[in-house]
Amino acid sequence: MIPSVPKFPLAHGIDVALDWLTHNFSWLTQALSHAISAVIDAIVAGLLFVPPWLLIIIVAAVGWRVAGRRVGIFTALGLLFLWNLRLWQPTVETFTLVLISTLIAVAIGLPLGIAAALNKRTSRIVMPVLDFMQTMPAFVYLIPAIPFFGLGAVSASVATVIFSTPPTIRLTALGIRQVPGDLIEAADAFGSSRKQKLFKVQLPMAVPTIMAGINQTIMLALSMVVIAAMIGAGGLGGEVWEAIQRLEPGKGFESGIAIVILAMILDRITQRIGRDSKVASAH
Amino acid sequence: MAKIKVEKLTKIFGPHPEQGLRMLDEGKSNADIRETGQAVGIADVSFEVEEGEFLVVMGLSGSGKSTLIRCLNRLNEPTRGHIFIDGDDITRLDRQALLKLRQTKISMVFQHFALFPHRTVVDNAAYGLEVQGLDADERRRRANEALELVGLDGWADSYPGQLSGGMQQRVGLARALAVEPDILLMDEAFSALDPLIRRDMQHEMMQLQQRVKKTIVFITHDLDEALQVGDRIVLMKDGRVVQIGTPEEILNNPANAYVERFVENVDMSRVLTAQSVLQRARVVAFPNDGPRTVLRKMADENYASLLVVNRDYTLVGSISAEVASKAVKDGVEHIESLVEETPSVTPSESLMNVIGILADWRWLLPVVDENNKVLGVVTRAGVLTALAENNDTSDSEAERSDAA
Chain A
1 MIPSVPKFPL
11 AHGIDVALDW
21 LTHNFSWLTQ
31 ALSHAISAVI
41 DAIVAGLLFV
51 PPWLLIIIVA
61 AVGWRVAGRR
71 VGIFTALGLL
81 FLWNLRLWQP
91 TVETFTLVLI
101 STLIAVAIGL
111 PLGIAAALNK
121 RTSRIVMPVL
131 DFMQTMPAFV
141 YLIPAIPFFG
151 LGAVSASVAT
161 VIFSTPPTIR
171 LTALGIRQVP
181 GDLIEAADAF
191 GSSRKQKLFK
201 VQLPMAVPTI
211 MAGINQTIML
221 ALSMVVIAAM
231 IGAGGLGGEV
241 WEAIQRLEPG
251 KGFESGIAIV
261 ILAMILDRIT
271 QRIGRDSKVA
281 SAH
Chain B
1 MAKIKVEKLT
11 KIFGPHPEQG
21 LRMLDEGKSN
31 ADIRETGQAV
41 GIADVSFEVE
51 EGEFLVVMGL
61 SGSGKSTLIR
71 CLNRLNEPTR
81 GHIFIDGDDI
91 TRLDRQALLK
101 LRQTKISMVF
111 QHFALFPHRT
121 VVDNAAYGLE
131 VQGLDADERR
141 RRANEALELV
151 GLDGWADSYP
161 GQLSGGMQQR
171 VGLARALAVE
181 PDILLMDEAF
191 SALDPLIRRD
201 MQHEMMQLQQ
211 RVKKTIVFIT
221 HDLDEALQVG
231 DRIVLMKDGR
241 VVQIGTPEEI
251 LNNPANAYVE
261 RFVENVDMSR
271 VLTAQSVLQR
281 ARVVAFPNDG
291 PRTVLRKMAD
301 ENYASLLVVN
311 RDYTLVGSIS
321 AEVASKAVKD
331 GVEHIESLVE
341 ETPSVTPSES
351 LMNVIGILAD
361 WRWLLPVVDE
371 NNKVLGVVTR
381 AGVLTALAEN
391 NDTSDSEAER
401 SDAA
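These protein sequences, in sequence, are chains A and B. Under UniProt numbering, the first residue of the first sequence is numbered 1, with each subsequent residue one higher. Under UniProt numbering, the first residue of the second sequence is numbered 1, with each subsequent residue one higher.
One or more of the hints may lead you astray.
Said to hold, decoys possible - Partial chain B-side listing against chain A, Cβ under 8 Å, derived:
(1) N73
(2) K100
(3) A114
(4) F116
(5) H118
(6) G128
(7) V131
Source of the hints: derived by calculation from the structure; they are not laboratory data. The beta carbon of each residue, even a glycine, is placed where N, CA and C say it ideally should be.
So here's chain A without its partners, still in its complex pose (with noise of 0.2 Å):
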């Protein structure tokens, strides 16, 4: 009785058009790969150059004088540990793919939450957009970036960079969105230029919404750093996915905590730098 309605070649159409994306631009991206994958080894083989006592002192005392005396000592103990556990390298790694996918995310996503607080039009674009970046399983992304990026760091940072720029896009948004009206009434009283305006009042009074959106993409990278091993991103990730293919629970929970360490630390230097600017003490 159920006539036989075909299938809708979603998948197919949308092979097709990524091979057809692939064969004319992988000259593009594959370049792009390379000129990453030499930044994201620089910086590795440079934080890995310094010697972990003296990398650890010195994050220690970053973290002491942004947040305060005992995050530096959860910041010292807490590295001193990953050393411990001969996880360091895998450590840096992981930072090193977390810090250059939150600098892209940044670079992407401030221009782009901008854009949308300030323009009704951009704005009913980007959000479903987002919704879109967000709710999609994040391995999803793995399977096309392996043939414009091959395997590797930089195919890990490109969907690590779309899984985790949304929270910085919607809460640039907000923060400029929700800067009180008589205060952009004010800069309007006294002839600012919507440049003048956007810089000398929405951005300043925006920072800590998009620090907290800062964060939160810093938070999301980190949790792509299990899926992105599988496409061989190294790093704690690595280890995980090693322990899980050699069925070693000892060493998953090992990399795991190291994972929830690196990420408390971030997490709570992020968090202070936008709580302490002035415009979140005047409120």
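Following the hints, put chain B in place on chain A, whose structure we already have.
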């Protein structure tokens, strides 16, 4: 030429303002227009502000006063009508010229201060100068001058969040004054302050105005405040002007029942002056009058005392019936030596102060000009009658409108 001239200014909010304009011209009410999704902000408002004048626009919330003041610097874009500043129609300015106008000629003070919390006090005060593109030294110098003007020197490097409400509004005022504008727009500038601070600020604002001589358009919903600070008052209701006049004109000749109802709650003794209860001194005594003459003058007019003046009517003092009749018995020739020292007031003295003086002074209270020349007298009965009359009209008005 008027500094600001507003001509048939109309502002309709909503997606189809031209529809609202058409209905307005057909004489439809605000409520009818609101049903179509448009809202009348202000309708056909015209008035002029002279250079250096302190003009108060007064009305209840929803009367259109905030819309009006925002049309003057085009934070609200007028739907129809013209605004001339120094003769130039600012409704025709393009965006660049409009920004220039806002930067240099008109500045604004806001009800809730609208200070930038991420900037220090001095950087707030310098905001307008920064927008103009002045260099940092010049900005800081002029911002500090403005802060000094409002009594906030020494607070330059604090943040607004660390200041009390009254001080925050001084920063708002300094920010507006720092650009040295011709025109100050003050939108309920003191309404968010508590009553005592508010009175201080009103007072200081008036003193400041003596020094800086700006043209000020001041919005308020508080009639006492309007009467206190305004040279003239524009009274608004439902987006329309109900009456324009000096405080005295509005109080003594309310244009209609609406204004009258507004006025009825005013404490008349603060508003009325000695001038308004001044009576002619029907008879006076001279220093070389004899006591009998004086007594006869009193008897003629049924006074219990007389003012004693020189021939040019400058005040000498007073003499009471008691003293005069004693002088007759004692055989005193001239009353000169018996004159009592007498308090006096000027015509602009408020009735409240007059009442204070009359509490201790039983006789006629002379009203004198700056040369001590007697213009007339104020009596206790006269003051009470004036206050009673003003209360009467408001009471009967209230009854009338209650009945209606």
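Results for each hint:
1. N73: It holds, given that the least Cβ distance between B:N73 and chain A is near 6 Å, below 8 Å.
2. K100: 7 Å, holds
3. A114: For B:A114, the interface hint holds, since the closest Cβ of chain A sits about 4 Å away, which is under 8 Å.
4. F116: Nearest chain A Cβ about 6 Å off; hint holds.
5. H118: Holds: closest Cβ of chain A sits about 5 Å from B:H118, inside 8 Å.
6. G128: 4 Å, holds
7. V131: 5 Å, holds
Going through the hint list in order, the structure satisfies each hint without exception.
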